Structure formats: structure tokens, C-alpha cells
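Trainee: All chains, full assembly: derive it from the sequences and hints.
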Amino acid sequence: MKKYFLGALAFILLFSSCGTSRTTSGDPGAIFAGAAIGGNVGNAIGGLIGESNGGWRGGYRGSAIGTIIGTIAGAAIGNAVTTPKQEEYGYQIERTQPTPPQTERQQPFRSAINDLRIRNIRFIDDNRDHTISSGENSKVIFEIMNEGDKTAFNVVPVVIETTGMKRIYISPSVMIEQIAPHEGVKYTANISAGDRIKTGEVTIRIAVADGLGQDYDWQEFSLPTQR
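According to our numbering, the sequence shown holds residues 1 to 227 in order.
Among these hints, one or two may not hold up.
What the hints assert, rightly or not - Using 30 Å as the maximum straight-line C-alpha spacing, the simulated DSSO-like pairs for lysine-lysine come out as follows: (1) LYS186 to LYS139; (2) LYS150 to LYS166; (3) LYS198 to LYS166; (4) LYS198 to LYS150; (5) LYS139 to LYS166; (6) LYS139 to LYS198.
No lab work stands behind these hints: they were computed from the structure. Note that this is a predicted model, so its numbers are computed, not measured.
Mentor: Written out as C-alpha cells, the structure is:
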């Protein structure tokens with residue numbers, strides 16, 4: 001009975017301390033289960049260690065300490081594995097290129113890649129000022145969704161710079177083997193700027209292509225550059 005009292009006390013202390021720091025935001029059931037398991041394991045291990053060092057009194061004290069430590073550790077683990085991950089901050093790019101009309105999308109002979117759509121484009125640079133500066137690393141993140149009823153194979157996400165700006169380097173495309181119907185993938189392209197790039201503006205083009213290099217859905221957006 002003492003063990004459960006100590007475990008409950010540790011659990012209450014954990015939640016009271018997390019209430020102000022907002023670190024406990026996972027599934028309460030998982031947190032409680034982790035605390036219970038951790039308390040039992042800590043009780044057993046602490047009892048064995050204490051008994052070997054100080055007889056039954058040492059075992060009693062070890063059990064008490066083990067219960068408290070195990071409860072807190074178990075609850076923390078349960079919270080960590082169930083806390084939703086926050087989406088990485090980024091500059092949202094509004095879509096400007098309209099999707100193909102419905103009449104084109106109903107052609108029976110068309111490729112399944114025609115049903116792929118670019119969604120949720122975000123640009124993230126090191127200092128978060130939405131400008132590509134000399135020596136800075138940044139990235140473009142976007143989703144490719146399959147809105148059709150057939151699996152699209154050999155999908156190539158394409159990210160290129162179209163204005164001819166020198167010293168702008170973009171990671172090469174990586175082919176996606178397949179995208180199932182009504183599912184999607186998230187793709188990231190890394191962009192690095194060399195030293196002494198020109199101050200001006202750069203245009204980035206994102207496209208979905210097939211294995212032969214034929215573009216389908218695409219989108220362009222411009223970003224300022226700074227030497």
C-alpha cells in the first residue's frame with residue numbers, strides 16, 4: 001500500500017510541475033501507464049539494491065526511492081512518445097498556378113502522374129527572414145498528393161532556379177518509387193547560397209515530373225536575395 005501511495009505522490013508532483021512549463025501534452029492514458037510501469041520496475045530494482053546493501057530496512061528505503069524515480073521516469077517517457085510534434089516553422093508559399101481543369105483530368109489514356117498535386121509549399125531559411133543571403137542555407141518543403149485512383153510510379157520532384165542567379169545551389173532530385181492513390185509524400189530540397197551572391201530576386205520552380213523529364217503539376221515563387 002505504501003508503494004502505491006508513493007507512486008501516486010510522485011505522479012501528482014510530476015503533473016503539478018509540468019502544469020506551468022507546458023511539457024506534459026501527451027496522451028494522459030499513456031502517461032499514466034508509463035508512470036505505473038516505471039513505478040513498479042523502480043520499486044523492484046530499488047528494493048533489491050537496498051536489500052543487498054542494508055538488509056530489509058535498506059530494501060524498504062530502496063523500494064520507496066525506486067518507486068518515486070521510476071514513476072517520474074515512466075510518466076516522462078509516456079509523455080514524450082505521445083506528444084504531438086510541432087510542425088517546423090516556415091514561410092508559407094501561396095499557390096498561384098491553378099490546377100488543370102476537370103475535363104483534362106478525365107482523359108482515359110493519361111498518366112497517373114497527371115493526378116499528382118503540389119501542396120503546402122514552405123520556405124525555411126537559417127535566420128527566418130525569408131531572404132536568401134550570401135552563405136546561408138535554406139530549404140523548400142512541399143507535399144505531393146495523389147488525387148487519382150491509380151498508383152503513380154517513378155515520380156520525380158523537381159526544384160530549380162529559373163532566373164540564372166549565380167552561386168545558388170539546389171540539391172539534386174531524388175526519384176520517388178511510387179505514390180498510392182489518395183496518399184502523399186513530403187519532399188525537401190536543400191538550397192545553399194555561395195559567397196557574394198547578387199542582391200535582387202530569385203525565382204524557384206517546383207514541378208512534378210515523370211522518369212522521362214516531362215513536367216506535370218508545377219508552381220513558381222520568387223524570393224529576395226541579399227549579398
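Trainee: Okay, which hints does this one fail, numbers in order?
Mentor: 2 and 4
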